[in-house]
Amino acid sequence: MKRRDFLKSASGLAAGALASAAPAIWSPAKADARSETLLIVSEGGPNNLDIHGVGTNVPGYEVCWNCYDRLISHEMKAGPGGVPYYDRDKFKGELAEDMNIGDMSVTFKLKKNAKFHDGAPVTAKDVKWSLDRAVSVGGFPTFQMAAGSLTKTEQFVIVDDSTVRIDFLKKDRLTVPDLAVIVPSVFNSELLKKNASEKDPWGLEYAKQQTAGSGAYKVTKWTAGTEVVMERNDAWVGGPVPKVRRVIWRMVPQAGNRRALLERGDADISYELPNKDFQEMKAESKLNVVSIPYSNGMQYIGMNVTKPPFDNLKVRQAVAYALPYQKIMDAVMFSLANPLFGAPADKPTDVVWPQPHKYNTDMDKAKALMAQAAPGGIETTLSFDLNFAQVNEPLCVLVQESLAQIGIKATINKVPGANWRTEFTKKEMPLFTNVFSGWLDYPEYFFFWAYHGQNSIFNTMSYKSPEMDRFIDGARVAAASGDQAAYDTDVKGFIDLAFADIPRIPLYQPFVNVAMQKNVSGYQYWFHRRLDYRSLVKG
Amino acid sequence: MLTMIGKRLMFAIPSLIGVVVVTFLLTRALPGDPAAYFAGPAATKEAVEQIRKKLGFDKPLIEQFFRYTSDLARGDLGTSLTTGQPVAAEIRNRLPASAELTLLGLFISIAIALPLGVLAATRPGSWIDHLCRITTTAGVSLPVFFTGLVLVYVFYFLLGWSPAPLGRLDVFYSAPPTVTGFYLVDTLMARDFEAFRSALSQLILPAATLAIFSLAPIARMTRASMLSVLASDFVRTARASGLKPSTVIVTYAFRNAMLPVITTLSMVFSFLLGANVLVEKVFAWPGIGSYAVEALISSDFAPVQGFVLTMAVMYVLLNLAIDILYGVIDPRVRLEG
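First to last, the protein sequences are chains C and W. Heads up: the first sequence runs through residues 1 to 539, numbered per our numbering. Heads up: the second sequence runs through residues 1 to 337, numbered per our numbering.
What the hints contain is simulated information worked out from the structure, not anything from laboratory work. Keep in mind it's a predicted model, so treat the numbers as computed, not measured. Incorrect hints may have been included.
Stated by the list, open to error - Covered stretches of chain C (in silico footprint by chain W; criterion: 3 or more residues with CB under 8 Å from a CB of chain W, positions within the stretch not fixed):
| no. | region |
| --- | --- |
| 1 | 48-56 |
| 2 | 148-161 |
Said to hold, decoys possible - In silico DSS-like cross-links for lysine-lysine, where the CA-CA straight-line distance does not exceed 25 Å:
| no. | chain 1 | residue 1 | chain 2 | residue 2 |
| --- | --- | --- | --- | --- |
| 3 | C | Lys347 | C | Lys327 |
| 4 | W | Lys7 | C | Lys193 |
| 5 | C | Lys115 | C | Lys243 |
| 6 | C | Lys199 | W | Lys59 |
| 7 | C | Lys152 | C | Lys193 |
| 8 | C | Lys518 | C | Lys77 |
| 9 | C | Lys152 | W | Lys54 |
| 10 | C | Lys426 | W | Lys54 |
| 11 | C | Lys358 | C | Lys492 |
| 12 | C | Lys199 | W | Lys53 |
| 13 | C | Lys194 | W | Lys54 |
| 14 | W | Lys53 | C | Lys427 |
| 15 | W | Lys53 | C | Lys152 |
| 16 | C | Lys426 | W | Lys53 |
| 17 | W | Lys59 | C | Lys426 |
| 18 | C | Lys193 | W | Lys244 |
| 19 | W | Lys54 | C | Lys199 |
| 20 | C | Lys193 | C | Lys109 |
| 21 | C | Lys327 | C | Lys367 |
| 22 | C | Lys193 | C | Lys307 |
| 23 | C | Lys314 | C | Lys194 |
What the hints assert, rightly or not - Pair ranges (Cβ atoms, derived):
| no. | chain 1 | residue 1 | chain 2 | residue 2 | range |
| --- | --- | --- | --- | --- | --- |
| 24 | C | Gly539 | W | Ser15 | 53 to 61 Å |
| 25 | C | Gln454 | W | Val21 | 42 to 50 Å |
| 26 | C | Ser456 | W | Arg67 | 31 to 39 Å |
| 27 | C | Lys194 | W | Gly6 | 46 to 54 Å |
All residues carry an ideal CB built from backbone N, CA and C; glycine is no exception.
Chain W on its own, in the form it takes in the complex (with noise of 0.2 Å):
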C-alpha cells in the first residue's frame, strides 16, 4: 500500500514541474503590463520603468523564472500586487473558505442526488423518474451566479429568513481561533455556539447553490450506473434466490454501482472547487475562486500561478484518494495496476 502511494506521488512529480513550467509562461503572455498597471493612474513613463524594475520585471524570463523556482522551493509564492499579502498565507486563508463551502454543497447534493438517483433507476418511467430528470436537467441548465441571486432575493430580500449575504460571518462576530480553518468546526471547538449558528447560517444559501448545480452529474450517473448493474446476472440470481429487495439494492447493486459514481464524485469536487467563482461573488465569499480570477484582471501573476499550482497538487492528492477509496469499496480493482 506505501510503496503504492509512493509511486503514485512519484509519477505526480513530472507533472507538477510541467504545470510550474506552463503556468509561468501562460501568466507571461497574458496581455497588459503590470508595472503600468501598478504605477496607477498619474505614472509617467519613468514611473512604470522604476516600478518595473521593483518588481523585477525588467530582468529576462529565464531569470525570473530560476528566480522564482527558488523561491518556490523554500515555500515562498511571492507577494500578490492587488491585494499586497503574500500568496502562501493568502491561498492559506481562502482555501478552507473554498473548501468548506463545497464540501457542505457536495455533501447537500449526495444527500438528495444519491437516493434520488437510486429510485430513479429502480422505477425507470414512474414519477420519481421523471422528478429526477427534471430537477437535474433545471439544475444544470441555470446558470449558478442566477440560482445564487434568486436564493438571495428570495430568501434574504423578500422573507429574511436568511443572514445578508456578506461572507462567512455576519459583520459583529469575530472569527473563531484557526484551528481547521473551516468556521464549523472552528467554532464548535472554541464553544462559541452563537458564531457557530452564524457561519451555519450564512453557509446555506451558498452551499444550496452548489449543490442545485452539483446535483445533475451525480444523480444521473448514480442512476445509470444502477440500472446497468439492476440488469446484470448477479443482480438475477441474488433476485430469484429470494433475497428481500432492500438487500438487493442496497448490498449487492448499491456497493457494485459506486465506482463510477465515486470518479463523478471526484470530478464534480475538484471542478466546484476552481469553478465557484461565481458563487463568491454573489455572496462575497472571501474563497480561492474569485481570489485567482481578480488577480487574473490585473495581470497579478504570483496569485494566478500559486493558484494553478495548488489546484494541480489537491488533483493529484483527490486522485490518489480515489483510488484508495475504490480499493475500498471494490477489492477486485487493483491498485498496483
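This is chain C alone, in the form it adopts within the complex (with noise of 0.2 Å):
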C-alpha cells in the first residue's frame, strides 16, 4: 500500500497513532491539506517576482502568469495528442471584458468587478501605468513589446475609467497577439508608486519580492533558490476560480531525486527531467507524462558565414549532409522530438515554421563536397552550452565524431552559462549547436530574429542576404494587409532561400515534458512552455 494511501484511509485516526508510521505527515489536517495543494518540484526557481525586472529567469516568468493577469489572453484548442494548447487566433479577455479592434487602435473595456489581492478595483490607469511601464523600463521587456511594435508611452490611452485604447504606430500583426504574452501585466499602480523611489521610479525593488496584481494566484512566502508558495486569489475575475487551493513549489537540484519524489506519489508534477527518464516513465506508465513540441522553436546547428570555411556554402552543405541526425533523435533525445530533417525530394514546401528539410546523413555525397571545398580538410571549433550539457555534450559528440570523416576537425569548446550570452553578442563562435524559439508562433517572427539582416543576436551566423530580407519584410507587410497569396509566397521563398543557402541546420523540434501523478488533470500547452495552474485539478 502506498504512503498516499494509507494516509487517506487512516486520516480519521488520531495523530498520536499515526505517528509510528508515516515518517513526513502525522496529524489528519495535514493530510487535508495535501490532498488541497499541489507539489511541483523543479531543478531551478525564480529569481524575481516581477517580469519588467533586471534579469528576470524563466521560472520568474511562471509566477507572473499565474499571479497576474494581461488584458487578454488565448482560448484553449485540441492539441498534438488530444492536450489542450493556445489557439494562436481566438484571443478572450482576462482583465478585459470585451476588445474592439479599430482600424489604427484597439479599444478594450474593463471587468467592473475586477481587484488587486490587496482590494483595490483595476482601472484604466493601471493597465495605461503597467503598460507605461513595460516599454519604459529597457531590457527584455521593452524589446518584447517593440515586437508587436508597442514601444511609445503615447500609444496608451485612458478613454475612461475602465475603457484603454492603444493606438497603432503602424499596421502589425503582431500587435494584438502581443498583448497576450506575460509581458503586458497589468500591476497595481498605487500600491507600486507608494514603494517606489526617485531611483527607482516604477517600483522594480518591492515587485521583485512580492506579487501586486490582480491573478489567480498570489505569492505568500518565497525563499529564493529554495520554495515559491502560492495561495489561490478567491477574488479573481480573469476566468472561472482554480481548483487548486495552494501551489508549493520546491527546488530540488538532483533530477534522480525529482523522479523518486514522482515515482514515490510525494511530488505532484516535475519537468526539466532528462529525455531518458521521461522515456522510461512513459513506458511505465504510472504516471501521466505529457510531451508537446515547442512552438516555433527548434535545435539547430549554426555556421558562422562570415569567416572561412563557413562563408563557403559547399562546405555548409557537406556538414549538412554529414549530420548524424538520425543518431541524435535516438541515442540523444530518446525520441522526445520531433525530426527536422530527411523530407522527401519531391515534397513541396508548406507555409508552417518549422517544417523538415530535406538533407538526410549522406556520408558519400558530404565527402564529395569536401573533396571541391576543402580537399585539405578543416579545423574548427564546436562550441555548446553547458547549462544545457545533458542534450548539448552527447549532441556534440556525435556532431564531432560524424565531421571527422568528412575531414573536419572540430575540437569541442564547453562553454559555461554565463558566458554563453557574451560569446553570442560577439558572434565569433564558428560552429555551434543552441535553441531558439519564438513566443508568437508565426514564421516571419521567427525568421525576422534569426535570418533578417538586421543582425539580431539570434542571428547567430551573421546570415545577410538583401533577397531573404525582401522576402522577410514582404511577408510582415502582406501579413499586416491581410494579403494571403503574398503572404504565402514570401514565406515559401524565405523558407526555401534558408534551406537552400543552409547557414544554420535544424535539427529537430524539442519537447515539452511534463510528468504528473495520474490524478493530476487539466495541464495546458502555453507559448511560454511553463504551467498554468490555473487549469490544474487535483483529486
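Both chains are given apart, each in its own frame, so use the hints to dock them into the complex.
This is how it looks when you write it as C-alpha cells:
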C-alpha cells in the first residue's frame, strides 16, 4: 500500500496513532492540506517575481503568468495528442470584458469587478501605467513589446475609468498577440507608486519580492532558491476560479530525486528531467507524461557565414549531409522530439514553421562536397552552452565524430552558462548548437529574429542576404494587410532560401515534457512552455 | 587570556584584508559578463549596456573596489543577482542550515570514529583494526554525492523509511520562529514536537552521508596518535604501576592523544562546511555551499565575495577556538607562543 493511500484511509485516526507509521505527515489536518495543495518540483526557481525586473529568469515568468492578469489571453484548442493547446488566433478577455479592434487602434473595456490582491479596483490608469512601465524599463520587457510595434507611452490612452485604447504605430499583425504574452501584465499602480523611489520610479525593487497583481494566485512565501508558496485568489475574475487552493513549488536540484519524488507519489508535477527518464516513465505508465513540441522552436547547428571555412556554401552543405540526424534523435533525444530533416525530395514547401529540410545523413555526398571545397580538411571549434549540457554534450560528441569522417576536425568548446550570452553577442563562434524559439508563433517572426539582415543577436550565423530580407519584410507587410497569397509566396520564399543557403541546419523540434501524478489533470500547453496552475485539477 | 585573544584577532586583520582584495580581483577576473547574462535571452547590445550601467560594472575597477569596501564597512555585502536577495540576509539564513547539518554529521562521525580508532589502536592487527581500515577506506573513497544518492534510493525510494529529500522540513510544516536558525533547537524552543521530528528525520540521511565521508580522517588520526602515545614511556610506567587498562587508556593515553585529533576535527569541520555542496544538492538542502556554487556558475560576484569572506572569518574564529581548546586539554601548550 502506498503511503498516500494509507494516509487517506487512516486520516480519521488520531495523530498519535499515525506517528509510528508515517515519517513525514502525522496529523490528519496535514493530510487534508495535502489534497488541496499541488507540490511542484523543478530544478530552478525564480530570481524575481516581476517580469519587468532586471534579469528575471524563466521560472520567474511562471510566477508572473499565474499571479498577474493581462488584458487578453488565448482560447484553448485541442493540440497534439488531444492535449489542450493555446489557440494562436483566438483571444478572450482576461481583465478586459470586451476588445474592439479598429483600423489603427484597439479598445478594451475592463471588467467592472476586477480587483487587485489588496482589494483596490483595477482601473484604466493601472493598465496604462503598467504598459508604460513595460515599454520604459528597458531590457527584455521593452524588447518584447517592441516586437509587436508597442514602443511609445503615447500609444496607451485612458478613455475613461474602465476603458483603455491602444493606438497602433503602424499596421502589424503581431500587435494584438503581443498583448497576450506575459510582459504586458497589469500591475497595481497605486501600491507600486507608494513603494517607488526617485531612483526606482517603477517600483521594481518592491515588485521583485512580492506580487502586486490581480491574478489567480498570489505569492505568500518566497525563499529564493528553495521554494515558492502561492495561494489562490478567491476573488479572481479573469476566468473560472482555479481548483487548486495552494501551490508549493520546491527546488530539487537532483534530477534523480525529482523522479523518485514523483514515483513515490510525494510530488505532483515535475519537469526538466532528462529525456531518458521521461522515456522510461512513459513506458512504465505509472505517471501521466505529456510531451508537446515547442511552438516555433528548434535545436540547430549554426555556422558563422562571415568567416572561412563556413562562408563557403559547399562546406555548409557538406556539414548538412554529414550530421548524424537519426542517431541524435535516438541516442540524445530518446525520440522525444520531432525530426526536422530528411523530407522527401519532391515534397513541396509548406507555409508552416518549423518544417523538415531535405538533407539527410549521406556521407558520400558530404565527402564529395568537401573534396571540392576543402580537400585539405578543416579545423574548427564546436561550441555549446554548458547550462544545457544534458542534451548538448552528447549531441556535440556525435556531431564531432561524424564531421571527423569528412575531414572536419572539430574541437568541442564547452561554454559556461554565464559566458554563453557574451560569446553569442560577439558572434565569433564558427560552429555551435543552440535552441531558439519564439513566443509568437508566426514564421515571419522567427525569421525576422533569426535570418534577417538587421543581424539581431539571434541571427547567430551573421547571415545577411538582400533577397532574404525582401521575403521577410514582404511577408510582414502582407500579414498586416491580410494579403494571403503574397504572404504564402514570401513565406515559402524565405524557407526555401534558408534551406538552400543553409547557414543554420535545423535538427529537431524539442518537446516540452511534463510528468504528473495520475490524479492531476487539466494541463495546458502555452507558448511560454511553463505551467498554468489555473487550469490544473488534483484528485 | 583576553589579551591573547585580542592579539590573535589583531593578527587576523591583515589576512582578512588580503581575502577581501583577492576575492574582489578574482571574481572580476572570472570569464563571463554578468551584464550580458542578466540582460536575458532577448537582449540587444544597448540593453546589455543599460544593465551594465545599472549594476555599476561600467565604472573603473578601482572605483568599484572602493564602493565595495565602503558598503562592506556598513555590513552591506551587496545583492545577489541570481536570487535577487541581499547577500548578508541570505548567508544569515543559509549558514545555520549548513552548520546544523555539518555539526550533526560531525557528531555522528565522532561518535563512531573515536571509539573505532581507539579500539583499533589498542588491538592492532585484530579484526577491529581491519574493520576500522575497511570502513574508513570505503567511506573516503566513495564520492559524497554517490553515497547520498544510494542512501536516498535505499531508505527513501525502496524502503520508504526516510522522508522525501526535500530540504530541511516536510513541505507541510512551517519553519519555527528563528532564534538560533538551527531547526532542531528552534522547534524545541517553540515546543513544536511534530516539526522537531520532521526536521530530525530530514537531517538523518544527509548527516549520515557527511559522517560516512568524514569518518576516515578522524578514525585514522585517532588510531595513529593513540598508537604513538601507547608506545610512549609514561604509558609503560602507568601499566607497570599496575593501573587498570581502562584507566591507562582513557585517562592517560587518550587525553594525550587528543591534540592531533582536535586539529583534524577543526580541519574536517571547516572543510565540510564549505565542501558539502554535493550533499546539499542531493538533498535539496538550502545551505551555503550550493548558494556559492550557483552564484559562481552565473558570474554573480556579490554572493561569491560574501561567501569567501564569511568562510575566512569562520576559519579565523575556529582556529582561535581550537587554540583555546588546546590549552584546556593540555596545560603544557602555552597560548602565548
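Consistency of the hints with the structure:
1. 48-56: It holds, with 5 qualifying residues against the three required.
2. 148-161: With 0 residues closer than 8 Å to chain W, the region 148-161 of chain C misses the three-residue bar; violated.
3. C/Lys347 - C/Lys327: holds, 23 Å
4. W/Lys7 - C/Lys193: Between W/Lys7 and C/Lys193 the Cα gap is close to 52 Å, so the pair fails against 25 Å, i.e. violated.
5. C/Lys115 - C/Lys243: Measuring from Cα to Cα gives roughly 20 Å; hence the hint holds.
6. C/Lys199 - W/Lys59: Holds, because 18 Å separates the two Cα atoms, which is no more than 25 Å.
7. C/Lys152 - C/Lys193: holds, 20 Å
8. C/Lys518 - C/Lys77: Holds: C/Lys518 and C/Lys77 sit about 22 Å apart, inside 25 Å.
9. C/Lys152 - W/Lys54: Between C/Lys152 and W/Lys54 the Cα gap is close to 22 Å, so the pair holds against 25 Å.
10. C/Lys426 - W/Lys54: Given pair C/Lys426, W/Lys54 holds - Cα atoms ~21 Å apart, limit 25 Å.
11. C/Lys358 - C/Lys492: holds, 14 Å
12. C/Lys199 - W/Lys53: holds, 13 Å
13. C/Lys194 - W/Lys54: Since the Cα atoms of C/Lys194 and W/Lys54 sit roughly 22 Å apart, the hinted pair holds (cutoff 25 Å).
14. W/Lys53 - C/Lys427: Satisfied, since the Cα-Cα distance of roughly 23 Å is no more than 25 Å.
15. W/Lys53 - C/Lys152: Roughly 23 Å separates the two Cα atoms, so the pair holds.
16. C/Lys426 - W/Lys53: holds, 19 Å
17. W/Lys59 - C/Lys426: Given that 25 Å is the threshold and the Cα spacing comes to 21 Å, the pair holds.
18. C/Lys193 - W/Lys244: Violated, at about 80 Å.
19. W/Lys54 - C/Lys199: With Cα atoms ~11 Å apart, W/Lys54 and C/Lys199 stay inside 25 Å; holds.
20. C/Lys193 - C/Lys109: With a Cα-Cα distance of about 24 Å, the restraint between C/Lys193 and C/Lys109 holds, given a limit of 25 Å.
21. C/Lys327 - C/Lys367: holds, 19 Å
22. C/Lys193 - C/Lys307: violated, 51 Å
23. C/Lys314 - C/Lys194: Roughly 62 Å separates the two Cα atoms, so the pair is violated.
24. C/Gly539 - W/Ser15: 53 to 61 Å: Given range 53 to 61 Å: holds, Cβ gap about 59 Å.
25. C/Gln454 - W/Val21: 42 to 50 Å: Since C/Gln454 and W/Val21 have Cβ atoms about 44 Å apart, the given range 42 to 50 Å holds.
26. C/Ser456 - W/Arg67: 31 to 39 Å: holds, 34 Å
27. C/Lys194 - W/Gly6: 46 to 54 Å: holds, 49 Å
Hint check: violations occur at hints 2, 4, 18, 22, 23; the rest are consistent with the structure.
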